[in-house]
Amino acid sequence: MATSIRAVQTAIALVNVLIFALVFTSLWPFPSGDFKVDLPSAGEVVWGYEDGIVTVSAPYSIDNGGFYDVDDLVITYDIRNYSGEPVQSGAIEIGTLPAGEVTTDTIDFTFPLLEMYGSGFAWMVYNDAFLNFAVDVSCYYTMRLVHFYAEYNVSVPWEALIEDVGFDGARSQDGMLLVDYHVTTSDVLEGLTAMHVYLYNGTDLVAHYSETVSLGEYHTGTLEIPLPLSAVPDRMVLSIQIFEFSVVETVAFDPGWLT
Amino acid sequence: MTRGKSRVSDAVWTAFTESLRFIVVPLILLDLVTSHYPQLATAFMSQIEGFVFFFGGMIVASSTLETMHRPGTYKRLLFGMCALTFVGMWLFVVFGGGVAEFSYGPYFVQFDLTKIVYIVLGGVSLKAVLVYLTFSVNRKAEVERARKRRVEEAEKARAGAAHAARRRTPRAHPSPSFSDLSSAEFDVTADHEVGFTPAPYMKDIPKGMKTCEVCGVQSPTKDYVCKNCGSWFPADSVI
Chain A
1 MATSIRAVQT AIALVNVLIF ALVFTSLWPF PSGDFKVDLP SAGEVVWGYE
51 DGIVTVSAPY SIDNGGFYDV DDLVITYDIR NYSGEPVQSG AIEIGTLPAG
101 EVTTDTIDFT FPLLEMYGSG FAWMVYNDAF LNFAVDVSCY YTMRLVHFYA
151 EYNVSVPWEA LIEDVGFDGA RSQDGMLLVD YHVTTSDVLE GLTAMHVYLY
201 NGTDLVAHYS ETVSLGEYHT GTLEIPLPLS AVPDRMVLSI QIFEFSVVET
251 VAFDPGWLT
Chain B
260 MTRGKSRVSD AVWTAFTESL RFIVVPLILL DLVTSHYPQL ATAFMSQIEG
310 FVFFFGGMIV ASSTLETMHR PGTYKRLLFG MCALTFVGMW LFVVFGGGVA
360 EFSYGPYFVQ FDLTKIVYIV LGGVSLKAVL VYLTFSVNRK AEVERARKRR
410 VEEAEKARAG AAHAARRRTP RAHPSPSFSD LSSAEFDVTA DHEVGFTPAP
460 YMKDIPKGMK TCEVCGVQSP TKDYVCKNCG SWFPADSVI
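So the sequence lines, in the order shown, correspond to chains A and B. The numbering used here applies: residue 1 is where the first sequence begins, and numbers increase by one. The numbering used here applies: residue 260 is where the second sequence begins, and numbers increase by one.
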């Protein structure tokens with residue numbers, strides 16, 4: 001009779017040791033940092049713009065340094081603008097990540113800013129804003145006994161495509177009318193465009209000159225218009241076309257600039 | 260008398276160790292965890308200390324009462340099963356039902372360990388087999404012990420009643436009436452054994468060894484506690 005009790009005691013002790021080992025190996029990788037999820041921070045997001053499409057690339061890394069394979073690893077993302085309007089959403093199904101392996105990739109997506117321009121996204125063209133990234137990681141661990149879910153919310157600053165177009169002053173010098181201006185565009189833009197200056201007297205175009213402007217930086221320039229003019233203008237219009245977006249600024253012409 | 264004293268000391272020791280295991284040490288660990296990780300949240304975290312106190316107290320009480328009763332008794336079985344049930348509840352509460360949440364900064368992390376908790380509870384419930392096995396193994400001996408006790412009490416009562424009757428009734432007028440006799444349990448032996456009660460068979464015990472009254476396992480005479488079942492030996496048996 002004592003033998004049976006001893007056998008049961010031994011069996012229970014053995015099972016409990018196995019259970020303890022299972023619990024320990026299931027939990028330990030998380031607090032120890034062996035299982036690590038690195039989701040993109042605001043500074044790591046790379047922006048691009050081409051043909052009205054904004055491209056976004058956000059790096060992530062998942063390190064499975066634990067004892068068991070990670071199953072059903074899925075990364076989902078949902079991006080919304082400052083007012084909560086959905087920008088883009090999707091899911092990346094990675095599947096199984098074997099023990100001891102690391103997966104590193106990027107969350108890549110695009111959104112058609114030009115198409116969205118008319119539906120409340122015009123603000124993003126001319127003003128700085130934030131895009132709210134909600135990234136979720138879901139997976140199973142320890143032969144699907146443990147479910148891990150991580151949610152990460154970060155506001156990524158969005159830099160206006162066309163931050164500023166401004167008239168900085170005018171003067172005459174050496175028989176030329178010098179018009180100073182500046183153009184500030186987002187560094188996601190690349191290429192060249194033209195800054196036009198129109199001088200009007202009523203509805204009559206008195207003079208028109210233009211100059212090449214480089215995009216993606218803070219650009220200052222001076223347009224040189226030969227004097228004398230055929231008439232004294234009453235207003236000056238600065239106009240620039242940056243891809244699909246145009247900016248027009250009108251200033252009253254001061255005759256004192258001609259003296 | 261000695262056995263009764265050892266049961267009380269067993270119960271006191273059980274109460275002490277179970278209090279450490281299920282109340283004192285867990286509360287210290289919980290305090291450490293909650294002070295270092297205040298962002299950790301479980302379903303019972305807001306009142307976790309109260310739950311640990313309550314279920315831990317129940318475990319201590321049940322285990323103490325279990326130890327106070329002899330193996331093979333229904334009370335010991337009942338309190339053993341109660342203690343196991345409370346251990347299951349205690350574990351469920353300490354594990355937060357299997358779901359733990361942690362949030363810091365922009366991160367929110369959730370661990371769903373429900374299946375692991377069920378496995379742990381399954382492992383704990385295996386001890387129910389041990390409790391029942393201890394009961395069933397010792398049940399026969401306990402029944403025999405109870406029967407002998409009843410017989411002894413009945414014999415004492417019968418002797419007392421006979422003595423009282425002898426003093427009440429004059430010897431010159433003995434009464435054969437059954438109404439004067441009291442009913443009492445009697446140890447009936449077989450006809451051919453009337454007047455002869457064979458001594459129980461005693462197995463030869465090796466020198467320097469003694470036998471545990473509870474589980475029957477032999478132990479060295481210097482031992483205070485049976486290594487098999489944990490019961491205390493009578494003080495006069497320790498050499």
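Hints should not be assumed to be uniformly reliable.
Claimed, not checked - Calculated cross-link-like contacts (lysine to aspartate or glutamate; reagent style DMTMM-like; alpha-carbon spacing at most 25 angstroms):
| # | chain 1 | residue 1 | chain 2 | residue 2 |
| --- | --- | --- | --- | --- |
| 1 | A | K36 | B | D371 |
| 2 | B | K334 | B | D269 |
| 3 | B | K334 | B | D290 |
| 4 | B | K469 | B | D371 |
| 5 | A | K36 | A | E115 |
| 6 | B | K415 | B | E403 |
| 7 | B | K415 | B | E401 |
| 8 | B | K374 | A | D234 |
| 9 | B | K374 | B | D269 |
| 10 | B | K486 | B | E472 |
| 11 | B | K399 | B | E414 |
| 12 | B | K374 | A | E217 |
| 13 | B | K481 | B | D495 |
| 14 | B | K374 | A | D180 |
| 15 | B | K334 | B | E401 |
| 16 | B | K374 | A | E151 |
| 17 | B | K374 | A | D72 |
| 18 | B | K407 | B | D290 |
| 19 | B | K374 | A | D108 |
| 20 | B | K386 | B | E401 |
| 21 | B | K386 | B | E360 |
| 22 | B | K374 | A | D136 |
| 23 | A | K36 | B | D482 |
| 24 | B | K374 | B | E360 |
| 25 | B | K469 | B | E308 |
| 26 | B | K399 | B | E411 |
| 27 | A | K36 | A | D136 |
What the hints assert, rightly or not - Derived contacts from chain B toward chain A, CB cut-off under 7 angstroms, selection only:
| # | residue |
| --- | --- |
| 28 | Y363 |
| 29 | P365 |
| 30 | V379 |
| 31 | L380 |
| 32 | E472 |
Since the hints were derived computationally from the structure, they do not count as laboratory data. C-beta: ideal position from N, C-alpha, C; glycine also.
A quick look at each hint next to the structure:
1. A:K36 - B:D371: The given pair, whose Cα atoms are some 17 angstroms apart, holds under the 25 angstroms limit.
2. B:K334 - B:D269: It holds: about 16 angstroms lies between the C-alpha atoms, which stays within 25 angstroms.
3. B:K334 - B:D290: 36 angstroms, violated
4. B:K469 - B:D371: 52 angstroms, violated
5. A:K36 - A:E115: Not satisfied, since the Cα-Cα distance of roughly 38 angstroms exceeds 25 angstroms.
6. B:K415 - B:E403: 18 angstroms, holds
7. B:K415 - B:E401: Between B:K415 and B:E401 the Cα gap is close to 21 angstroms, so the pair holds against 25 angstroms.
8. B:K374 - A:D234: 80 angstroms, violated
9. B:K374 - B:D269: 36 angstroms, violated
10. B:K486 - B:E472: 13 angstroms, holds
11. B:K399 - B:E414: The given pair, whose Cα atoms are some 22 angstroms apart, holds under the 25 angstroms limit.
12. B:K374 - A:E217: It is violated: about 56 angstroms lies between the C-alpha atoms, which goes past 25 angstroms.
13. B:K481 - B:D495: 11 angstroms, holds
14. B:K374 - A:D180: 71 angstroms, violated
15. B:K334 - B:E401: Holds - the C-alpha atoms of B:E401 and B:K334 are around 12 angstroms apart, at most 25 angstroms.
16. B:K374 - A:E151: 22 angstroms, holds
17. B:K374 - A:D72: Judged against 25 angstroms, a Cα distance of about 17 angstroms means the pair holds.
18. B:K407 - B:D290: 53 angstroms, violated
19. B:K374 - A:D108: 35 angstroms, violated
20. B:K386 - B:E401: Since the Cα atoms of B:K386 and B:E401 sit roughly 21 angstroms apart, the hinted pair holds (cutoff 25 angstroms).
21. B:K386 - B:E360: Between B:K386 and B:E360 the Cα gap is close to 31 angstroms, so the pair fails against 25 angstroms, i.e. violated.
22. B:K374 - A:D136: 22 angstroms, holds
23. A:K36 - B:D482: 53 angstroms, violated
24. B:K374 - B:E360: 16 angstroms, holds
25. B:K469 - B:E308: 46 angstroms, violated
26. B:K399 - B:E411: It holds: about 18 angstroms lies between the C-alpha atoms, which stays within 25 angstroms.
27. A:K36 - A:D136: 14 angstroms, holds
28. Y363: 11 angstroms, violated
29. P365: 5 angstroms, holds
30. V379: Where the cut-off is 7 angstroms and the nearest Cβ of chain A is about 6 angstroms from B:V379, the hint holds.
31. L380: It is violated, given that the least Cβ distance between B:L380 and chain A is near 10 angstroms, above 7 angstroms.
32. E472: Since chain A brings no Cβ nearer than about 13 angstroms to B:E472, farther than 7 angstroms, the hint is violated.
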